[in-house]
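Engineer: Single-letter residue listing:
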Amino acid sequence: MSATTPPSVGDTAGLLTLAETVLAQTLPGEHLEVFVGRGRSTSVRVYGGEVESLTSSSASGVGIRVVTDRRQGFAWAGTLEPDIVRDVLDDARDNARFGEPDEFQGLAEPDGVEAVDQDLWHDAVLSLPVADKIDLALRLEQATLSRDPRIRRVRNAVYGDGSGEAAIASTTGIRASWRSTSSRLAVSAIAEDGDETYVGAFGDAGRDHLELDLEDVADQASARAVRLFGARAVPSQRLSVVLEPRMAATVLGIAAGMLSGERVLKGRSPFADRRGEQIAAPAVTLVDDPTDSRSYGADTFDGEGLACRRNELIVDGVLRGFLHNSYTGRRSGAGSTGSAVRGFRSTPGVGHLALALTPGDRAVDELVAGVDRGVLVQSMTGLHSGVNAVSGDFSVGIEGVMIRDGVLGEPVREVTIGSTLQRLLLDVVAVGADLEWLPGGSASSTLVIGDVSLGGT
Amino acid sequence: MIDESVVSHVLGTALRTGGEFAEVYAEDKRSSGALLDDGKVEELTSGRDRGAGIRVVVGETTGFAHTADLSEAGLTAAAEAAAAAARGGGGGVRTVALTRRQVSRGYDIEVFPDTVGKADKVALLTRADETARAEAGAITQVSARYADSRKRILVANSDGVLTGDEIVRTLFWVSCVATGDTGMQTGRESVGHTVGFELFDRYDVEDLARRAARRAITKLEARPAPSGQMPVVIGSGGGGVLFHEACGHGLEADLVAKGASVFRDRVGEQVASPLVTLVDDGTMAREWGNIAVDDEGHPAQRNVLIQDGVLTDYLWDHLRARKEGRSSSGNGRRESYQHLPMVRMTNTYLLAGADDPDDIVSSTDHGVFIRQLGGGQVNTATGDFVFGMTEAYLIEGGRVTEPLREGNLIGNGPEVLNRIDAVGTDFAMGPPGTCGKDGQGVPVGDGVPTLRVTSLTIGGTAAS
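Here the protein sequences come in this chain order: A and B. Under my numbering, the first residue of the first sequence is numbered 1, with each subsequent residue one higher. Under my numbering, the first residue of the second sequence is numbered 1, with each subsequent residue one higher.
Treat the hints as calculated values from the structure; they're not laboratory data. Beta carbons are placed, not taken as given, at the ideal position from N, Cα and C, and that holds for glycine. The reader is advised that the hints may include incorrect statements.
Stated by the list, open to error - Distance condition first, Cα-Cα at most 25 Å in a straight line; then the derived SDA-like pairs of lysine to any residue: (1) B/K29 with B/S8; (2) B/K323 with B/D159; (3) A/K266 with B/G137; (4) B/K437 with A/R86; (5) B/K151 with A/S56; (6) B/K151 with B/D28; (7) B/K118 with A/R86.
Claimed, not checked - Output of the computed footprint for chain A on chain B, the stretches with three or more beta carbons under 8 Å from beta carbons of chain A: (8) 36-46; (9) 59-68; (10) 114-126; (11) 378-389; (12) 454-460.
Please model the entire structure based on the sequences and the hints provided.
Structural biologist: Listed below in structure tokens is the structure:
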């Protein structure tokens, strides 16, 4: 293969060859890591029975990390053109001169963990004709509109799919390449009645279009819009909060971020010294397991080319460990947990890939029936503005339905719920049996959390 | 970036399947950054993005394709893909005659960041780190980031427009962690302008570092914010995110057209207190949301959205304006060549009023004073919006007293706009922001004078 002709889609080994071509230019005394990424995607957006936009994307790029005398430099480009890749290598080398030496700085080294072979690449999605993609989006819009006369239109009904490929080669002996496909449907239903308008959004994801449940997306989006009619703010009070699986996964995702080895080592995690201690209610067991193919976050290798693996974070409420990339693994002495996350535009960070909460044994109806005074939360806003993962302060706007004496009551909006992330974990009262594998890559079931402040009238 | 005759040819190819409108948007962007964290200069990075997005419109349908290959062959392939996506009826060969439109941003970049040595950029980080740590022993962690970008764009379309822009932005950011008996707290400061390295003639990184450090230290003493409704005073330059969320997004014509805005069909009506005059202004020199042309080649404009409380106009991009038979307001923006443009804000701000800022606080018996807002989010259909407070205090007996912990506030846009009962004389722009919509982020600015809202819901944890 010539370096000037990019390998064809799906030829992930060809990407690795390309990475090795760059690696061959390593100079004595330096360590080099070459990350090559490529993605293709199609997205169809429909509105009012017509295609509003049809986008076809292809993007590829390279990120090069140079470590010389324990100093790191990095450069990237959104192209694989050989001239530019050469400039990227020069830039990365030059940048390394300005990094400060750090005894733990360096590239990942092979650690003997075998990659789990998973079925993440589905050819079916690549051969799907565009007309069929348009049809899926149109059918989703139609199905959503048919659910209730008050659903007057959708803001967007979207079908999208694509493929992602990556390869890494390094002077420390890393050689890895991996690939996956994805497919998704999403809709925002707009419900109108009198002078009230509500939006209900929902989506589904899979490795290909055959895994998508179009009817369920339409059901869920329309139900969420329609059930808010008459919603009002309620008085401020303390109550229980019932988080739908998607909302629970969002909160658990923020909590898991606080268990990143980087936050821990750099003094930005309130859980830094809590290993082995009870940080959550005993009902909470949380793992990050990208080797579980049921997860949309499943993957083969991490962003440094180490095999993905199952990591226990919280077991029966006890903090078991933190996530690490090779740098934080070396510095902490714990070793990498295969949790480097990145694209070609950045150096490896640390993060979770496929969080999964272990489900409880009670159905959602039973959970609701057990709540005297609470609120079922179907959407949260302001996660980036009212949640601080360092202090743990947690405050978000919500929409949902009030629960009184175990029965769902009136809808509510324009209120907030507040606590701290530390308290939320400890205040978990029950975990539902309704485990959902979510489009964001996490798996969660309904969570009931006691004693949260609601800010309202 | 691309030869004029090639652009013209590519537009012709894009129209071959019967397109009514075709556009080429090309960009070449170089960026550099440096990060100091945990007491060390961790890394310097350099980035390069270059490519073109081509869109073709037929009836209600837009076809879009992009490529990183700016050769004639690469652009032609993308044009064919976009044209195929937006297949129309007729077709045939159309030639597009282009007229170059010169634009000016009205000021010059003084020091292009790529002419500044890396050591000088790194020195800024080190100074910020040392200053913040010297502020108090309670400062246990400091992170500082420098970033610059230089982006050339070219926009050409089948209406014959050919124009371009060069946008230089420089950003500096410092974040501190303070640790005390109550746990950890954070303080952050950032400055960013559409300028070069001269940013640092105007701002002192030591001053920023001190302010970030003090903000974190102050919050160690903070008590839980109240929960419930009370008057809220927002300080000058604390951030116009209130207006960005309360009505800015709801005035975007694409959301209005789909009935997804609480402000639909309300032009000419009183939608806010008479004290409110709100402007979106892409021409504001050097501000973070400054543009000479938007990403559809339309010159930036100053648009009055609300005049003395009356809704005067929405924000428009090319497609929405074309449908309504009017001109764009210069608000068609996109994150990069890989994205379709849509209606976006630029610099959105509330004009100064007549009230003495000190009087606004002293005439508030009990409430919350917010010196620095965080981000926000809105549901444009209901008008409900939230915004964060990153530095806030209680007001008791007309005086600013104890600091409060972080949290969100929630309100309803049309209601809150009508509850503004005081607007100060002390206008100032706030820190640089990134506005997200449908997965695309674009740089925006905002600004406010000191103002008061008679009632907003505070999302704290203490009873009010």
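Engineer: Hint by hint, which ones does the structure fall short of?
Structural biologist: Hint check: 4 fails alone, others pass.
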